[in-house]
Amino acid sequence: MSRIAWIGRLLVKRGFHLLMQTRMVMIAPHRVVGLIVLAAACDAPDDRGTVLTTATLPDRVVMLDAATGMVKDSISLDPRPVEIDEPHGLAAAPDGKHWYATVSHGESTLWKFERPSNRLVGRVRLGTSGAARIGITPDSRVALVPDYYRDGVDRAAPSHVAVVELGDLAVTARLELCPGPHDAQVSPDGKLAAVTCSLSDEVVLVDLGTLEPVARVPVDREREGGPERWPRSRPLNVVWGPEGEYVYVTLHLADKVLEIGRAGEGRTMRNVVIGAGPAQLALTPDGGTLVVANRGDGSISLVNRPELAERRRIDLGVTHPHGVAVSSDGRTAFISYEGDTKSDGGVVAVDLTTGDVIWRRAVGQYPLGVIYLTAQH
Amino acid sequence: MRWIRRNWMMVPLAAAAMVGVSCGDGGTDPTGAIVHFGLGDIDLQAGRDTVVQISNSGGGAIGPIELVPLPVRDASGNMVPGPQLQVIPSEIATLNPGVSISVALAVVAPANTSDGEYLVGLEARSQNQLVASAQLRFRVTSGGVSPAGSSVVITSGPTAFIRGDVVQFTAEVRDSAGTVLPNEPVQWSVGGFGLFDATGRFVSYSSGAITIIAKSGSSADTLAATVAERTRIGTLSTLGHGVVNQALTSDLWVHGGVMYSGTHNGGAGTFYAWSLSNPDQPVKSDSVVVDARVVNDVKIRSDGTLGAITHEGSTDLLNGVSLVDLTSPEHPTIITRYTTGLASGIHNAWIEGNYLYLVTDGTNPTTGGLRILDVSNPAAPTQVAQFYGGAGFLHDVYVRDGLAMLSHWSEGLIILDVGNGVAGGSPTNPVEVGRLRIPGYLVHNAWYWPASGYVFLGDEINAPGRLLVIDVSDLSNPVEVASFSGTGETPHNFWLDESRGILYAAWYGSGIRALDVSGRLMGELQRQNRQIAQALYDAGNTMTWAPQVDGGKIYVSDFFTGVWALQANF
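Protein sequence lines, in the order shown, are assigned to chains A and B.
Those letters in the first sequence? Residues 1 to 377, by the working numbering.
Those letters in the second sequence? Residues 1 to 570, by the working numbering.
Looking at chain A on its own, in the form it has when it is part of the complex (with noise of 0.2 angstroms):
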């Protein structure tokens, strides 16, 4: 067999078996790779939004419908064909016109898709030593990716967020702000982007206007537990509240979301203890909740920002929740899990108002990222 069915043989080997069809596009005299499609989803009609989410060993984003979760598509993100290249973030441009992913293995990097298309049109070496999340400011003119660089806590090896303009795909500067940054989301004005440092305890609050740090704020350092110098609470993303008053954190080892104030130089507000190991989270679009997964306990918690108390936790069934994203209406959350060294994740669609699992699709090893597309984009 050459590569010609390589990457469709291994998806079908390893159980992807939701994938019905394997369309193969010549791509080259000499190269060829597998498009894989679900023959039944192919032809229906775009208009209820879709799910992306990255799967990191197959080196991949895979396209559900949100309302079923059926695979609609997958796109390869894989230059290096055999090596794991692992696919991380996702990101949707506020203008709707383009979404986003980071690779960070190889050399990292920061793809472009073009909507509705979902046509590649550009991918930038980022230059850093990996690559997680994206942040994108209101205009989308401009994208934060940390490189979640964690051996940094050891080796004091430094850790960047590049800085990509996003017409040319340039990466016009690359912040050093602490150890193992590992989320840069930009405030609703897009003056300010909110960094997690995973590995340092903090946040750190950056003017977009002169690139520079212009607060550190430490979260949750007194927690005791984990080997010296490792961090205590690990920030690792986050959030900004509807007016861009305040950002939500999640803190992985201290199981709780975290409210930081931007007047002044930022400064802790309240907390909520929630599940355990919580990962990403998202606000629902009416600003009134926030979606939390609990990496550690396979759960979601549902936390009514007003109040900052958790309103309910949802056993999703599943091993290792990781990404958050709401659909547009706020009705449901989609939830990435990991999945772990002997299973594949994918993704649960939950009915927010409910609790009630809508569907759950596996879609291959150790998915990551997730974002929720909507139709009219």
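Hints listed in this document are in silico derivations from the structure and should not be mistaken for laboratory results.
Here a beta-carbon is modelled for each residue, glycine too, at the ideal position from N, C-alpha and C.
Possibly wrong hints are sitting among the right ones.
[Stated by the list, open to error] To spell it out: a stretch of chain B is covered by chain A in this simulated footprint if at least three of its residues, at any positions, have a beta carbon under 8 angstroms from a beta carbon of chain A; those stretches are: (1) 231 to 238; (2) 277 to 285.
[Unchecked claim] Which residues of chain A face chain B? A partial, calculated answer using Cβ under 8 angstroms: (3) ASN118; (4) LEU120; (5) ARG123; (6) ASP151; (7) ARG232; (8) ASP340; (9) TRP359.
Got chain A sorted already, so can you dock chain B onto it with the hints?
Okay, now just chain B, sitting in the frame of chain A:
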């Protein structure tokens, strides 16, 4: 254009008419991007380099665009090892409609490049699809003009030899008074198929009668020679198959009658031991499970007491490497797992004495791609050194005779002294002694053969696959001397049977190839009848990952089906 030969430098003497670039038609992307090289902007200026524009005159963006130089060819179409077309940038992130970007081109040629005219192609590829191409022509001349009345005579060289053997011819140039002109260059050519370098070394690509031609100015001499066919051919037959189900198989290592193999996707972090009590039939004797989605590499120390298995995609996010106790070889046990500073994942490894060399995923200018651990106490490894090549990323490491050969992807082959003594290096203080960057070639793996002074390189990305032979007899100045091109697939890992001069190259879906690499090597090996055998041991299902020769058998790991025992019939 005229060039003075200097070692890996080009010095233009004068702009000349023989330099030019022709451009192919632009390619049209499905959404309307039209990419082309700007013909009007192509000018080699002083003759050493040029700048060309690449433009998108269509209606849609396209990217990324890789700018890939092809191998240099002489006027006869022969691939010529050594000369390179360097391209900066090598990749364009995105090319928006109406945008043009400048691309700098420069040709470099080693000292032994023969005089003549050469062609080199430049391809612009987007998502592996050719979207534009250009052809650069350049001329190498050695300077000097032969005096009037001078003559050339072939003074030595064989008249009978074997296809693929590298042979030496010499000639003398004399002036009209009969005085030998020792510095006067000789232009060598052949009436037949083969490749000369500037020093008169020759390799024939055909058998039968050929004519060797030496020229100097208007004078020429010829020598008739007969080339015998290279007849080292045979077969590889299948002896046995060790089945791995529901998992993809990665690397293997054989030692002391036991084979060890790792697992890729679906393997749940499993590391297998296989009894070779019957060398023809591997039988699973035990397995060990670690926290990893991929155990990409397996290495065993030469004394057989210690192993290392790599972790990628662990659920605890720490990855690292596990050290393996082989006191009972068929029943390995984990001594310890070391993760400090290795959380990004370990892709490849090598054990040499008390040192473990690790290739980390992700690169950092401070902590590097290569880590070296002291494992003299395997229960408590300590990191003693690190190295990063400054660009690209490290993919593999091979250590021998105190030299570490780093397969550093786009940055090429990097040679470190880790105890050889040539540069005062040691495992605790690796010192770079040489580097060869090969534009358009992504160095995935390397095998160093000290007795020959060669390093064999593989590139698993660019198809059709091409194996390169690098002469490292001068460690500070590695030089490409030969290549082997295989149709279809690309190479993966190698094993060299040095006693027989046979290189076994895993070639993914093209199976396993046995190549005759005996003697000196030069030019295109596939045109020299140097492939002895090729085996698709599992017809239609073969995906060869890695070979190893042990006890006269050839063992291979196959990505899809497990491990195999093969017999060489040659």
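Here's how the hints hold up against the structure:
1. Coverage of a stretch by a chain is defined here by at least three residues with a beta carbon nearer than 8 angstroms to that chain's beta carbons; for the segment 231 to 238 of chain B and chain A the count is 0, and the condition is violated.
2. With 0 residues having a Cβ less than 8 angstroms from any Cβ of chain A, the segment 277 to 285 of chain B misses the three-residue criterion, and the hint is violated.
3. Interface restraint check: A:ASN118 against chain B, minimum CB-CB distance 11 angstroms, threshold 8 angstroms, status violated.
4. Proximity of A:LEU120 to chain B holds as hinted, the smallest CB-CB distance being about 6 angstroms (cut-off 8 angstroms).
5. Proximity of A:ARG123 to chain B holds as hinted, the smallest CB-CB distance being about 4 angstroms (cut-off 8 angstroms).
6. For A:ASP151, the shortest C-beta to C-beta distance to chain B is roughly 5 angstroms, which falls under 8 angstroms, so the interface hint holds.
7. The interface hint given for A:ARG232 is violated, since its Cβ lies 16 angstroms from the closest Cβ of chain B, which is over the 8 angstroms cut-off.
8. At its closest, the beta carbon of A:ASP340 sits 5 angstroms from a beta carbon of chain B; the interface hint therefore holds under the 8 angstroms criterion.
9. Taking 8 angstroms as the C-beta contact cut-off toward chain B, the hint placing A:TRP359 at the interface is violated, the least distance being around 24 angstroms.
When the structure is compared with the earlier hints, violations turn up for hints 1, 2, 3, 7 and 9 and for no others.
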